[in-house]
Amino acid sequence: MTHNPAPDRSIAFIGGGNMAYALASGILRADADRSVVVSDPVSEQLARFASSPVRTTLDNTDAVAGASIVVLAVKPQVMEGVARELAEAIDPQQLVVSIAAGVTVSALRAWLGSSAIVRCMPNTPALVGKGVTGLYADSGVSEAQRAEAEQLLRAVGDAVWFEQEGELDAVTALSGSGPAYFFAVIEALIEGGVELGLEREIAHRLVTGTAIGAATMVGPQDDPGELRVRVTSPGGTTERALSVLASGGVAHTLRQAVHGAWQRSRELSGVEVDGNEGSAPPEAADSAATLSRHTGEERRT
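With the working numbering applied, the sequence shown corresponds to residues 687 to 987, in that order.
The set of hints was computed from the structure by calculation and includes no laboratory data. Any given hint could be a false lead.
Said to hold, decoys possible - If you anchor each label on the Cβ, the simulated ranges turn out as follows: (1) Ala-870 to Ser-801: 17 to 27 Å; (2) Glu-766 to Thr-743: 16 to 26 Å; (3) Val-814 to Ser-729: 18 to 28 Å.
As the structure is a prediction and not an experimental result, all values here were calculated from the model. C-beta atoms are modelled at their ideal positions from N, C-alpha and C, and glycine is treated no differently.
Take the sequences, apply the hints, and build the full model.
Following this line, the structure appears as structure tokens:
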């Protein structure tokens with residue numbers, strides 16, 4: 687293995703896609719003096735960095751030379767080729783952070799020959815500084831390196847550590863894929879408003895404003911079920927709407943979606959998944975009724 691000079695405080699991004707752009711931008715907002723380099727074989731991907739102090743290159747090995755942190759931000763299907771290309775260029779002192787879904791630490795270690803690897807599962811709200819990232823590292827990563835990785839991800843939102851790598855499959859299903867679930871709900875609500883005669887622009891404004899407001903109301907210690915009860919008057923319009931959602935099995939369907947995403951994440955990680963493994967439990971079907979239960983009774987007490 688070729689040993690580079692002692693790493694400085696620079697961060698190298700391998701891959702110049704949306705998540706790399708979000709992380710690089712967040713890092714520079716938090717520390718304008720931090721050196722950032724981004725490599726990507728597609729020059730068009732690098733064009734977005736033109737107005738920032740980021741150095742860009744088409745050469746991955748050039749990007750990692752001397753960096754303290756190497757962020758692997760490429761698609762899972764090309765990760766092995768990229769990692770093997772970097773094996774001779776990565777120095778043992780460098781921390782490797784992977785944000786590729788389904789690529790395990792053991793696989794990366796086999797391809798890279800590096801021991802200090804942190805696997806992360808960020809999500810797309812990182813693009814607006816509101817991301818949530820799950821992180822995992824084994825004993826090959828020092829406490830100082832763990833702190834570095836956490837600082838990196840906190841530049842674009844919250845960061846949560848997990849003790850077992852397999853838990854990242856659940857993170858992928860819940861928060862990694864989660865934004866799409868909310869987008870789908872927002873999309874459906876907008877269509878509902880249009881069907882009732884509202885102009886699409888107005889419906890969009892009403893729904894997105896409501897979504898942002900509702901999400902803001904749910905603090906770290908708040909029970910969303912309790913909040914739902916508070917805004918549901920007995921015999922009112924909200925109770926009627928929740929009853930329709932319950933009869934349609936919406937809660938159960940959402941849980942099935944999360945379990946389905948979990949299964950797919952496991953498959954991408956190379957884990958054989960039994961057909962019934964990860965299926966939403968039968969009692970989930972009954973849980974939909976909680977959307978309409980405990981409204982009037984609780985409000986009257």
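Quick rundown of the hints versus the structure:
1. Ala-870 to Ser-801: 17 to 27 Å: violated, 40 Å
2. Glu-766 to Thr-743: 16 to 26 Å: holds, 21 Å
3. Val-814 to Ser-729: 18 to 28 Å: holds, 26 Å
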